[in-house]
Amino acid sequence: MINNFFKLIKNEFHLMIKGSVFSFILFCLLVISSTIFALALRHVSFEIEIPMSFLWIMMFFISLIKVEKVYQSEFSESKLQQYMLSPFSLEVVIFIKNIFIYLNLIILFIIFSPFLLIILNIELSYFIPINLLLSLSLLSIVFISSITSSLTISKNNRLSITSVLTLPLFIPILIFSMALTDVIEFSGNKMYLFFVAYFLLNLAFSPLLTSFALKKLSI
Amino acid sequence: MIEVQNLSFARGNHLILKNVNLQVRAGEVMILRGPNGHGKTTLLSNITKMIEPLEGAIFYQGEEVDDYIASKTFLFIGENSFAFDQLTLDQNIDYWLAIHNVKFSKSIREQSIQFLFQGVNLKKKYYQLSFGQKKKLQLLLLMLVNKPVWILDDPFNGLDVDSINKITTLIIKKKQNNGIVIIATHQNPSIQELKFYEM
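Heads up: the sequence lines are chains D and S, in that order.
Per numbering that gives the first Met the number 0, the first sequence runs over residues 0 to 218.
Per numbering that gives the first Met the number 0, the second sequence runs over residues 0 to 198.
If you're looking for bench data, these hints aren't it; they were derived computationally from the structure.
Among the hints, a few may not be true.
[Unchecked claim] Taking lysine-lysine and the DSSO-like style, the derived pairs with C-alpha atoms no more than 30 Å apart in a straight line are:
| id | chain 1 | residue 1 | chain 2 | residue 2 |
| --- | --- | --- | --- | --- |
| 1 | D | K78 | D | K189 |
| 2 | S | K71 | D | K215 |
| 3 | D | K215 | S | K172 |
| 4 | S | K133 | D | K68 |
| 5 | D | K17 | S | K122 |
| 6 | S | K17 | D | K215 |
| 7 | D | K9 | S | K123 |
| 8 | S | K172 | S | K105 |
| 9 | D | K78 | S | K165 |
| 10 | S | K172 | S | K194 |
| 11 | S | K122 | D | K6 |
| 12 | D | K17 | D | K6 |
What you are looking at is a predicted structure, and each value in this text was computed from that prediction instead of being measured.
The shape of chain D in the complex, shown without the other chains (with noise of 0.2 Å):
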């Protein structure tokens, strides 16, 4: 078991790379808004607070396209009637599908992120603070998201608005990411510990979630 688990994750992996041309063409279209977004307000001046709400704000919309990609392609019916009697529970695979997405973005912010703070008129000294925070805020936005799209997904949710019950899950990220985004200096700041419990609390509930959504409205 633990041999074919390691086997599972490699192919995952395989996946990733695979995915990874989508993600990059995602990224590209950022450097592309955020270049035209700079030269927009290039009379104007600004804190770092408008541009690094722009990074966080597209960075979530990037994470949704992503995961509702993957979740389409990954988990169409026939797929879901092998994952579903396999010995490795539904969770389990949710679970490594949505770490693969969470790092497969985070690897492509950290490679364009020096590009995008100059585009931005960031100073690089934020580069640290600026990966620490969407990296922490992403691990939880994956996960939300994945719900949000197994149930965007689902062939008998007739009712594709039920996905917005999500949202709401979604704002606690959004207000922390903002605050902290006022006080940007990294200083060991206890407000990035909330992240993490926020992931902890996803990990516990999102797989649950999801896979219950596709078992339950996919098949």
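Put chain S on the given structure of chain D with help from the hints.
Relative to the frame of chain D, chain S by itself:
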């Protein structure tokens, strides 16, 4: 033995299955027959607990089937391919055998792969394969996943004579080994002592 008792299933306001009762004993092959849209696939999904019936229950060896029993007992091969188009055939084989926790030795795996995919380049991307070649991945699961009950939804669809013969041989072997096979199909496989259920 698998026993389906008074099973009814509805999607929305539409009743698809009504009071279905059937029994399949160890060493039996049951064919579900009926026109399209009469609920054959739905019945298979109900048996494997992938969907919840409106009424009734499914028992395996006297125990009511739940998610845990279903994952231990059933191997389901549906009509559509479940493989990842972006992976190679080799990677797909590795992935799906890992998902089903196949524990056979490397040599048995290699022999089975050789038996089914003789002459096929395993490094080919899955989307580059023909329909029949894609179907063979499903047959590989039949060969290597060790579960007592096979649930097959139209397994002969789109296959050449050679592949149909291979599936038939596998089903006969499963029957001889006291396994249970339930098949939804429009064809009559050349297997002796079949049980039929008309939908």
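Check your understanding: Which hint numbers doesn't this structure obey?
Key -> 1 and 3
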